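Asks: One-letter residues, chain by chain:
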Amino acid sequence: MASAIEVKNLTTGYRGHTALEDVSFSMPPGKFLGLLGPNGSGKSTLIKTLIGLLDPWEGDVRVLGETPRAVRRRVGYMPQAEDIDWTFPATVSEVVAMGLYRRAFGLSRFRRGSEEQDRIMAALKRLSVDHLADRQAGELSGGQQRRVLCARALVKDPDLFLLDEPTAGLDARSEEEMLDLLSELAADGASIVLCTHDIGCAYDRCDLTLFLNRNVMTYGPPAVTITEEMLNRTFEGHVLVMGSGGSRLALAPHDHHEHGDAHEDHEHSHHSHALHGHDEHGRV
Amino acid sequence: MEWFTDPWQHEFMQRALLAGALVALASSVVGAFVVIKGLAFLTDAVAHTSLAGAAIAFLAGGGSIAISLGAAGAAGVTAVAVSLLTRARLREDTAIGLLFAALFAFGVLLISRARNYTLELSSFLVGNILTVPTDDIIVMGVLSAVVVVVMAIFYREMLFVAYDPTMAAAAGVPVAIVQTGLMVLVSLAAVAAFRLVGVVMVMAMLVAPAATAALVVRRVPLIMLVGALFGVLAVVIGLYVSYHADVAAGPSIVVTSVLFFFMVFALSPRGIGSSLRRILAT
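Chains A and B, in that order, give the protein sequences.
If you're matching positions, the first sequence starts at 1 in my numbering and goes up one per residue.
If you're matching positions, the second sequence starts at 1 in my numbering and goes up one per residue.
Same shape as in the complex, but just chain A (with noise of 0.2 Å):
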């Protein structure tokens, strides 16, 4: 079976600015691959060349062993949910349709089966939020709108997930619940990539763990990957180590000018540490 993503000397970024430059790595299918690095280390923009949106400057991308547009129908993607206009009119299961978006032409434009209905209704049931599916998606708390979003990723039922930041701003127990989802879609054989600043939720949950910074600063299991140094390297300082011997659990108050939360990731990094039960940190 071909690699879930390959990636060769990528160089790439937006009007110029260059945010990617020589990357490479492969991720094998099946994997949860957390992807760890500070705001404009690249993250974004490596998965949106994974989705086809940004083109390599230089370099080969291969999705699924093909090129990121022709496979985006086996490709699930999950923006930030700073990203969405929530103000915009649409019920839940009009947000989780647009996943089942496909290009049709003539009469099929409009057929609209009970089956599609069907695999709507599972992807809020998998999200515990099929109660929902009538309400507006702006009413909903911000976990719930992350959920509806996740459900949307989902609702294709794709080989590979691309999610960014999807638990951000969740609290302890919906966090769990949906990185227990996304360990039982990897078992299940899906490829998972995670975007994320909590390094303690990536060393507990992701099989590999890549550290990105413009270019790859390190890749491979979390015990291996996850050390203080590499955490000071790829996060240039900005980041509290916390726990103490074997286990490595560190977290990232990065600044996070980009999407104006950082008061939701300041609460985030809290609840991180009570989860963890660490009590004893210091700046590194």
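Keep in mind the hints are simulated off the structure, nothing from the lab.
Please read these numbers as outputs of a predicted model, since none were measured by experiment.
Watch out, some of these pointers could steer you wrong.
Among the chain B residues that face chain A by a calculated CB cut under 8 Å, a handful are [unchecked claim]: (1) Arg91; (2) Asn128; (3) Phe160; (4) Ala171; (5) Gly172; (6) Leu215; (7) Val220; (8) Pro221.
Backbone N, C-alpha and C fix where the C-beta goes; we use that ideal spot for every residue, glycine too.
Starting from the known structure of chain A, fit chain B onto it as the hints suggest.
Replies: Same frame as chain A, now just chain B:
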């Protein structure tokens, strides 16, 4: 009873009602997206700049159909030019403002060459709903049909792109084409409304009924449908007011339409009523 039936004895009133209903339909179908995506300023600019195209066709001696085509052409140029200037990193409202002023002024300047300048200018500015010629009704019917059919076919794409352009692009929707397509539909509806109520009040036709509907219902297709009903109702009441009070018809329709909005706004759970209650409760 005669008060209600009398106006419709006249053929010009029947024609005005038909024209108004056609325009209300097209306006609320695109108006739903105009209101949701905050495109009111762009819509107003498109309407005003259509004057330049209409003026060129008029001075060249063209009839109703040529004038509408000219207006649609100029409106389309505005929509495309705004999108190009914005891509060249000019702020969108700056780009709209510049084109709005320049092309509108150019339109007035052209019309000032006409022999009966004031008369022609006023028909372009405030419309001619009570004297609307058959050709214009045909043009409005065709424009409305195009708007409704195209929207029905590409509704999924329009909704997807309006809601989440990034994910739409990732799913293979040609986002730039769909966005431009929406602006073209807005231009067509604006041209239909322009012949009815004039460039100055086009925006009210496109914004007010859909904005009123958005207070009452919360799904895009329902906003279109309820908006069309509010629009037609405003046309009917506006025509009654115009007939009995002997005032201009276009402005009567527009004022009625905007009054509807504020009445519903005052009564709706999200409107003034709830704001007042909140203020009093504190």
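Asks: Please list, smallest to largest, the hint numbers that this structure does not respect.
Replies: Checked against the structure, the hints that fail are numbers 1, 2, 6 and 8, while the rest are satisfied.
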